[in-house]
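> Residue numbers (this note's numbering), protein chains in the order written: chain A, 32 to 175; chain B, 35 to 112.
Hints listed in this document are in silico derivations from the structure and should not be mistaken for laboratory results.
Incorrect hints may appear among the rest.
Where chain B lies over chain A, by a calculated footprint (3+ residues, C-beta under 8 Å) [unchecked claim]:
| id | stretch |
| --- | --- |
| 1 | 45 to 51 |
| 2 | 80 to 92 |
| 3 | 149 to 157 |
Quick list of simulated restraints, FRET-style, between CB atoms [stated by the list, open to error]:
| id | chain 1 | residue 1 | chain 2 | residue 2 | range |
| --- | --- | --- | --- | --- | --- |
| 4 | B | Val54 | A | Asp55 | 44 to 50 Å |
| 5 | A | Gly76 | B | Asp66 | 26 to 32 Å |
| 6 | A | Lys59 | B | Asp66 | 50 to 56 Å |
| 7 | A | Gly165 | B | Lys92 | 34 to 40 Å |
| 8 | A | Asn107 | B | Asn87 | 17 to 23 Å |
| 9 | B | Met88 | A | Ile67 | 24 to 30 Å |
Remember, it's a predicted structure, so these values are computed and weren't measured experimentally.
We put the beta carbon where it would ideally sit given N, CA and C, even for glycine.
Read off the chains here:
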Amino acid sequence: MLVEIREKSFNAYREIESFENNLDIKGKYGATASFIGLMRDFNEGREVTSMFLEYYPEMTEKQLNQIANKAKEKWNLLEILLLHRIGHIDIGEHVVLVSVWSEHRKNAFDGCRFIMEELKSSAPFWKKEKTNTGEDWVKKNSPG
Amino acid sequence: MQVSVKYFASLRESMGESSVFIDIDKESSVDDVWQRVTKDKKIEIDNVMATVNMEYVKSSYVIRDGDEIAFFPPVTGG
Numbered sequence: 032m033l034v035e036i037r038e039k040s041f042n043a044y045r046e047i048e049s050f051e052n053n054l055d056i057k058g059k060y061g062a063t064a065s066f067i068g069l070m071r072d073f074n075e076g077r078e079v080t081s082m083f084l085e086y087y088p089e090m091t092e093k094q095l096n097q098i099a100n101k102a103k104e105k106w107n108l109l110e111i112l113l114l115h116r117i118g119h120i121d122i123g124e125h126v127v128l129v130s131v132w133s134e135h136r137k138n139a140f141d142g143c144r145f146i147m148e149e150l151k152s153s154a155p156f157w158k159k160e161k162t163n164t165g166e167d168w169v170k171k172n173s174p175g
Numbered sequence: 035m036q037v038s039v040k041y042f043a044s045l046r047e048s049m050g051e052s053s054v055f056i057d058i059d060k061e062s063s064v065d066d067v068w069q070r071v072t073k074d075k076k077i078e079i080d081n082v083m084a085t086v087n088m089e090y091v092k093s094s095y096v097i098r099d100g101d102e103i104a105f106f107p108p109v110t111g112g
């Protein structure tokens with residue numbers, strides 16, 4: 032299991048490929064599901080030019096690990112890759128990656144979804160969007 | 035007893051500081067701490083989340099000496 036907060040941009044597809052290539056459980060899993068969240072150039076009808084992601088050092092890592100461990104146990108996931116950006120983020124960059132590996136697709140789909148929704152509601156991250164007219168904190172998440 | 039209080043995101047900006055140490059009575063709750071730190075400030079926030087030692091707690095949670103309390107607006111990661 033790899034859970035990390037990243038200050039620098041990452042390519043989620045390369046991260047998945049690299050992580051899977053290094054797994055020593057080949058043949059044990061028959062399904063993998065991934066979710067990638069990306070930086071949009073709009074939100075609630077406004078043009079957004081970039082974003083800053085604040086977090087709570089130590090607690091955010093702790094919370095992400097708790098969520099991943101809960102999902103691992105509940106859906107019998109064999110492996111989990113969870114990456115989340117912080118700091119300055121440009122349009123089009125990958126913000127979050129959740130990848131899970133399991134024996135069958137149901138647990139992969141459900142476990143991946145669970146991690147993402149739990150992260151959205153309880154992991155201490157806060158988005159501040161930059162627009163042409165200034166900066167605003169995002170007040171709520173879009174519905175899942 | 036002494037506890038540390040941290041603020042994040044929009045609340046940090048409203049409070050004008052990211053953290054503070056305060057002396058507070060024994061058996062104080064998280065809500066007591068919130069009332070204390072916002073007493074002389076005009077804070078407009080719909081929903082405050084609170085943690086003690088990096089675990090989510092209710093406002094009635096009783097704090098102990100040396101605890102780290104954090105207040106912040108609803109989280110918006112992902």
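> Against each hint, give a clear statement of whether it holds in the structure.
Verification of the hints:
no.	hint	in the structure
1	45 to 51	violated (count 0)
2	80 to 92	holds (count 6)
3	149 to 157	holds (count 8)
4	B:Val54 / A:Asp55: 44 to 50 Å	holds (48 Å)
5	A:Gly76 / B:Asp66: 26 to 32 Å	violated (41 Å)
6	A:Lys59 / B:Asp66: 50 to 56 Å	holds (52 Å)
7	A:Gly165 / B:Lys92: 34 to 40 Å	holds (35 Å)
8	A:Asn107 / B:Asn87: 17 to 23 Å	violated (31 Å)
9	B:Met88 / A:Ile67: 24 to 30 Å	holds (27 Å)
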